Amino acid sequence: MSDLTPARNPGPEMSEQATRSTPRTTTFNLLFLCTGNTCRSPLAEGIARQAVAARGWRHVRVQSAGVSAAPGGAASPEGVTVAARAGIDLSGHRSQPLTPGLAEWADLILAMSPSHLVVVDRVGAGEKAATLGDFAAGGEGLGHAVPDPYGGPEELYQQTFDELSALIDQVLDRLAPILHP
2 MSDLTPARNP GPEMSEQATR STPRTTTFNL LFLCTGNTCR SPLAEGIARQ AVAARGWRHV
62 RVQSAGVSAA PGGAASPEGV TVAARAGIDL SGHRSQPLTP GLAEWADLIL AMSPSHLVVV
122 DRVGAGEKAA TLGDFAAGGE GLGHAVPDPY GGPEELYQQT FDELSALIDQ VLDRLAPILH
182 P
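Residue numbers (the working numbering): 2 to 182.
Note that these hints are calculated values from the structure, not bench results. Bear in mind the structure is a predicted one, so any value in this text is a computation, not a measurement. Glycine included, every Cβ here is placed at the ideal spot set by N, Cα and C. Be a bit skeptical, because a hint or two may be false.
Here are the in silico distance ranges between beta carbons for each label pair [stated by the list, open to error]:
| # | residue 1 | residue 2 | range |
| --- | --- | --- | --- |
| 1 | A146 | A177 | 33 to 41 Å |
| 2 | E128 | A87 | 26 to 34 Å |
| 3 | T27 | P78 | 36 to 44 Å |
| 4 | T28 | P154 | 32 to 40 Å |
| 5 | D122 | A71 | 30 to 38 Å |
| 6 | A71 | P115 | 28 to 36 Å |
| 7 | G142 | D170 | 17 to 25 Å |
| 8 | G125 | T82 | 19 to 27 Å |
| 9 | R59 | T100 | 21 to 29 Å |
| 10 | D122 | R86 | 33 to 41 Å |
Listed next, the in silico EDC-like pairs over lysine to aspartate or glutamate satisfying Cα-Cα at most 20 Å (straight line) [claimed, not checked]:
| # | residue 1 | residue 2 |
| --- | --- | --- |
| 11 | K129 | D108 |
| 12 | K129 | E155 |
| 13 | K129 | D174 |
| 14 | K129 | E141 |
Hey, can you work out the whole structure from these sequences and the hints?
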């Protein structure tokens, strides 16, 4: 992680005159990454969107992807159920693979395990990626991987949800100095 400075995005198409007289908006793009983009990363995306909204950070965008995701897959039913209990709707989630374009879009990529970082490196975005556990813990390899609940019972998804919620709160607290409006 070399730089957490948000990217500058000009926003909607504007005339040259309007562009010169209107300040550019700043957004921060956060990408959560797991294997299939049907369990951990959709849960993380939903949790982060809810937490970002609660903090009033309208300039933060959140997405998720998978290193082996098939495009268009739904979130796991257990994940949808667990998220719904927390007021998060994952029913419309559709999986997407990590692409170079998506990696370029992201200012920060948070992977669920170290093996996912290998793929991030391959698409050329390793300098802006870390595991979610490491980033939440402040870096230096202090964090841990988030276990995959795939194929497990709903209780396992609830444990994953609770763990992700705590880690995402730590991540947003760490990012607050640069993201607070």
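Item to check | Cβ distance range 30 to 38 Å for D122 and A71, holds or violated | outcome: violated, 22 Å
Checklist entry - Measuring from beta carbon to beta carbon, are G142 and D170 in 17 to 25 Å? => result holds, 21 Å
Checklist entry - CB of T28 to CB of P154, is that within 32 to 40 Å? => result With a Cβ separation near 38 Å, T28 and P154 satisfy 32 to 40 Å, so the hint holds.
Next on the checklist: Does the beta carbon distance between A146 and A177 stay inside 33 to 41 Å, or does it fall outside?
Outcome noted: Given about 24 Å between the Cβ atoms, the range is violated.
Checklist entry - E128 and A87, beta-carbon distance inside 26 to 34 Å? => result holds, 33 Å
Next on the checklist: For a C-alpha distance cap of 20 Å, please report whether K129 and E155 respect it.
Outcome noted: Not satisfied, since the Cα-Cα distance of roughly 33 Å exceeds 20 Å.
Next on the checklist: Taking the Cβ atom of R59 and the Cβ atom of T100, is their distance within the range 21 to 29 Å?
Outcome noted: Between R59 and T100, where Cβ atoms are some 26 Å apart, the hint holds.
Next on the checklist: Holds or violated: the 19 to 27 Å window for the beta-carbon distance between G125 and T82?
Outcome noted: Violated: the Cβ-Cβ distance is about 37 Å, outside 19 to 27 Å.
Checklist entry - When you check the alpha-carbon spacing of K129 and D108, does it fall within 20 Å? => result Roughly 7 Å separates the two Cα atoms, so the pair holds.
Checklist entry - Lying within 28 to 36 Å: is that true of the beta-carbon distance A71 to P115? => result violated, 23 Å
Checklist entry - Are K129 and E141 close enough, with their CA atoms no more than 20 Å apart? => result The hint holds at about 15 Å.
Checklist entry - Taking 33 to 41 Å as the hint, is the beta-carbon distance of D122 and R86 inside that range? => result This hint holds: roughly 36 Å between Cβ atoms.
In the structure shown, a violation is registered for the earlier hints numbered 1, 5, 6, 8, 12, in ascending order.
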